[in-house]
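Same order as they appear, the protein sequences are chains A and B. Counted the way numbering that gives the first Met the number 0 counts, the first sequence spans residues 0 to 407. Counted the way numbering that gives the first Met the number 0 counts, the second sequence spans residues 0 to 407.
Hint data in this document are derived by calculation from the structure and do not stem from the laboratory. Wrong hints could be hidden among the right ones.
When chains are identical, the list treats them as one kind, so a pair holds in a single copy or across two.
Once the Cα atoms are required to be at most 25 Å apart in a straight line, the calculated BS3-like pairs of lysine-lysine come out as [to be verified]:
(1) Lys-82 to Lys-283
(2) Lys-116 to Lys-2
(3) Lys-82 to Lys-176
(4) Lys-275 to Lys-176
(5) Lys-275 to Lys-245
Number of protein chains: 2
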Amino acid sequence: MFKGNCIIAQSGGPTAVINSSLAGAIEAALGSAAINEVYGARHGILGILQQNLCDLRREDPASIQGLRHTPGAALGSCRYQLKKQEDYEQLLDIFRRYNIRYFFYIGGNDSMDTAAKVNRLAVEEGYDLRVIGIPKTVDNDLPLTDHCPGYGSAAKYLAASVLEMGIDIQSLITSTKVAIVETMGRNTGWLAAATALARRQPGDAPHLIYLPEVAFDMATFLTDVEEAYRQHDTVLVVVSEGLLDKDGNYIFNDAATQDVFGHQRLGGLGQFLLNKIETELKIKGRVILPATSQRSATHLASRTDADEAYAVGRAAVEAAVQGASGKMVALNRQEGEAYYCTCGLVDLDQVANREKKVPRTWINPQGNDITAAFINYARPLIQGEVNIPYCDGLPTYVNLVGHPVQTP
Amino acid sequence: MFKGNCIIAQSGGPTAVINSSLAGAIEAALGSAAINEVYGARHGILGILQQNLCDLRREDPASIQGLRHTPGAALGSCRYQLKKQEDYEQLLDIFRRYNIRYFFYIGGNDSMDTAAKVNRLAVEEGYDLRVIGIPKTVDNDLPLTDHCPGYGSAAKYLAASVLEMGIDIQSLITSTKVAIVETMGRNTGWLAAATALARRQPGDAPHLIYLPEVAFDMATFLTDVEEAYRQHDTVLVVVSEGLLDKDGNYIFNDAATQDVFGHQRLGGLGQFLLNKIETELKIKGRVILPATSQRSATHLASRTDADEAYAVGRAAVEAAVQGASGKMVALNRQEGEAYYCTCGLVDLDQVANREKKVPRTWINPQGNDITAAFINYARPLIQGEVNIPYCDGLPTYVNLVGHPVQTP
Numbered sequence: 000m001f002k003g004n005c006i007i008a009q010s011g012g013p014t015a016v017i018n019s020s021l022a023g024a025i026e027a028a029l030g031s032a033a034i035n036e037v038y039g040a041r042h043g044i045l046g047i048l049q050q051n052l053c054d055l056r057r058e059d060p061a062s063i064q065g066l067r068h069t070p071g072a073a074l075g076s077c078r079y080q081l082k083k084q085e086d087y088e089q090l091l092d093i094f095r096r097y098n099i100r101y102f103f104y105i106g107g108n109d110s111m112d113t114a115a116k117v118n119r120l121a122v123e124e125g126y127d128l129r130v131i132g133i134p135k136t137v138d139n140d141l142p143l144t145d146h147c148p149g150y151g152s153a154a155k156y157l158a159a160s161v162l163e164m165g166i167d168i169q170s171l172i173t174s175t176k177v178a179i180v181e182t183m184g185r186n187t188g189w190l191a192a193a194t195a196l197a198r199r200q201p202g203d204a205p206h207l208i209y210l211p212e213v214a215f216d217m218a219t220f221l222t223d224v225e226e227a228y229r230q231h232d233t234v235l236v237v238v239s240e241g242l243l244d245k246d247g248n249y250i251f252n253d254a255a256t257q258d259v260f261g262h263q264r265l266g267g268l269g270q271f272l273l274n275k276i277e278t279e280l281k282i283k284g285r286v287i288l289p290a291t292s293q294r295s296a297t298h299l300a301s302r303t304d305a306d307e308a309y310a311v312g313r314a315a316v317e318a319a320v321q322g323a324s325g326k327m328v329a330l331n332r333q334e335g336e337a338y339y340c341t342c343g344l345v346d347l348d349q350v351a352n353r354e355k356k357v358p359r360t361w362i363n364p365q366g367n368d369i370t371a372a373f374i375n376y377a378r379p380l381i382q383g384e385v386n387i388p389y390c391d392g393l394p395t396y397v398n399l400v401g402h403p404v405q406t407p
Numbered sequence: 000m001f002k003g004n005c006i007i008a009q010s011g012g013p014t015a016v017i018n019s020s021l022a023g024a025i026e027a028a029l030g031s032a033a034i035n036e037v038y039g040a041r042h043g044i045l046g047i048l049q050q051n052l053c054d055l056r057r058e059d060p061a062s063i064q065g066l067r068h069t070p071g072a073a074l075g076s077c078r079y080q081l082k083k084q085e086d087y088e089q090l091l092d093i094f095r096r097y098n099i100r101y102f103f104y105i106g107g108n109d110s111m112d113t114a115a116k117v118n119r120l121a122v123e124e125g126y127d128l129r130v131i132g133i134p135k136t137v138d139n140d141l142p143l144t145d146h147c148p149g150y151g152s153a154a155k156y157l158a159a160s161v162l163e164m165g166i167d168i169q170s171l172i173t174s175t176k177v178a179i180v181e182t183m184g185r186n187t188g189w190l191a192a193a194t195a196l197a198r199r200q201p202g203d204a205p206h207l208i209y210l211p212e213v214a215f216d217m218a219t220f221l222t223d224v225e226e227a228y229r230q231h232d233t234v235l236v237v238v239s240e241g242l243l244d245k246d247g248n249y250i251f252n253d254a255a256t257q258d259v260f261g262h263q264r265l266g267g268l269g270q271f272l273l274n275k276i277e278t279e280l281k282i283k284g285r286v287i288l289p290a291t292s293q294r295s296a297t298h299l300a301s302r303t304d305a306d307e308a309y310a311v312g313r314a315a316v317e318a319a320v321q322g323a324s325g326k327m328v329a330l331n332r333q334e335g336e337a338y339y340c341t342c343g344l345v346d347l348d349q350v351a352n353r354e355k356k357v358p359r360t361w362i363n364p365q366g367n368d369i370t371a372a373f374i375n376y377a378r379p380l381i382q383g384e385v386n387i388p389y390c391d392g393l394p395t396y397v398n399l400v401g402h403p404v405q406t407p
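Okay, chain A solo, but in the shape it has when bound (with noise of 0.2 Å):
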């Protein structure tokens, strides 16, 4: 039997159950033959480069399964990408000092390209390493998979958070009649659009949502604006934040600050285009920005969310023992009426740096709202509730001890 050490790690912005599928590599790989130890990075490949590891076979098994509703990523997680070749050797001598054979890496887009060249490395170099994407984002973009674990919680808080704001603002006669929700979502409309699951009948919140995926015009936006308002009286938009012209640039663009991997910062979009209604329309209101809180409310995770987070990282362990790597689990959505996902294997070359849109068949004609094949898709999502404990009236989450790995 091909028997090793492996290193799970986390990477990018965490999600509300990213920890869900940490528990599952664990909880997987502890209960696996073919795996000594069991290792965790922290702060994802930065961990591994700075041999800062830990030693999850050492945690109490209540603080794992505790990681199934913990926000945060309890490894730690980085924005950081390997750029020099030397960055990718160094990382498989490391690999080699500590015999790691299995790598599972939890992240985005950007972390499916670091695995899937760690990947190549080792194959190029013939070391016997199998490496594993857990994919984990609220943004819902990788491709070749149903959807992404971590967005249903987000699209179940949004949608909730926006329902109960939309009965709040409804039910107000006062002179602010337009509130802007500022979604997250860089290059893609998903997050936005699952607001609109908060509608019960005609007439409800959101009034009207933008998506990055159709081109945006000011005029056009402030025409949909003032009607809406004239048929609602109290208007709630939804933007995502990271709106296009029909050129491709960005509506708003704080183009001073960018990030580590060179994408713009965006924010404060939500209060440009609020300026414009005030000042162009004369209507007054205000912008919600729920920012990190999208990611992180754990205490209204979605039961379907979390439970496939932890199914896709036990997969990833399960997939790396029978011998699959450069993979990324994926989830498969089954045909039939009751929703039900499995999971799968996609190449990471193949999702590596690619994203994945809202097709325009799921957004109206007029690019201001959403369409039924949306809700059909984004629904069964948000099913279901976690129960967490509560403690002097705020959820319990738990943290691990981290016991440090000693360098060999």
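Dock chain B against the given chain A, drawing on the hints supplied.
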């Protein structure tokens, strides 16, 4: 027995539990032999002036029960202040026409002022009317009551959100090092202070808290943030929207806009402070603006708060039936180890237009955090969860039918 009809109305910004008070008042009124018809005014005082009333006897009792966990203001609310003496005269005329002998007004400072004036006019004109105010405000700024229904739920939501966001951002190594959470609180820091309940151990978020009760100094603030950044690497700062400088001017002043009461509209303070941090300290960050969610997130309401809100609604009706008028129901915290509040009555005149601030001794000397005395005060208010039924992945909230009342 003194008998007549009653009107219940809701006013000002809704809270997560304002409808729980409504349910308490309706159920007590329906059960009282002294009250004949039980009317609701649509959109507060406006609904009375416009004779837009609904017959609450005809609502499904299950809907009334459902109000105990439904956000928004189910009768409709408004921000509208009676200004002219004629408005008050007109109000009393309408009361006479509908034989209204009981008036219950659920609201904050401004609403208690309105209720006080209505009561005074009725006394002057010899019209036998019993007016009782039912307190509600997330801001917790009403005097003569230990706390206000609505505050505990907003406090719990903010504390849980900051707990979750704190875990998230502290787990992620990124170039974004500062998170600024801007809370509601026009002149008082009760909501900002409540985020301190999120802390479980030293070093936990929030790392800095700024309240309007202490004059804000930009240079000191920047020094605080830089110091916290050195200490914690990732800093979560909470600011109350209404921070003032030593001369009493708003730090961020959108002077162009005022609300109907002449209060300055705030918002944008978080982004303003972040810009300062990014420019002066060269530390990157992001803003979280929960805005409306603070008062509408019934899915995370405090059980203590929801129950007390219901109790003050009932107590208002019971007091009126027993002959009280010109009073507001207040919550009186009882001595002893276990937290327990009873309902009492205070004069509306003593409450109207007065604000209760966070005591200076509950804020640390530096003015950037709260003390243990505040924690002892606030912790009991967030205890317990409200069991909300979910359907199709989202909380189920009720609507009232609103059967119209015919003009007599």
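Results for each hint:
1. Lys-82 to Lys-283: For Lys-82 and Lys-283, the Cα distance is within 25 Å only across copies (23 Å; inside one copy 47 Å).
2. Lys-116 to Lys-2: within (22 Å within a copy, 82 Å between copies)
3. Lys-82 to Lys-176: between (48 Å within a copy, 23 Å between copies)
4. Lys-275 to Lys-176: within (14 Å within a copy, 30 Å between copies)
5. Lys-275 to Lys-245: within (19 Å within a copy, 33 Å between copies)
Consistency note: the structure conflicts with none of the earlier hints.
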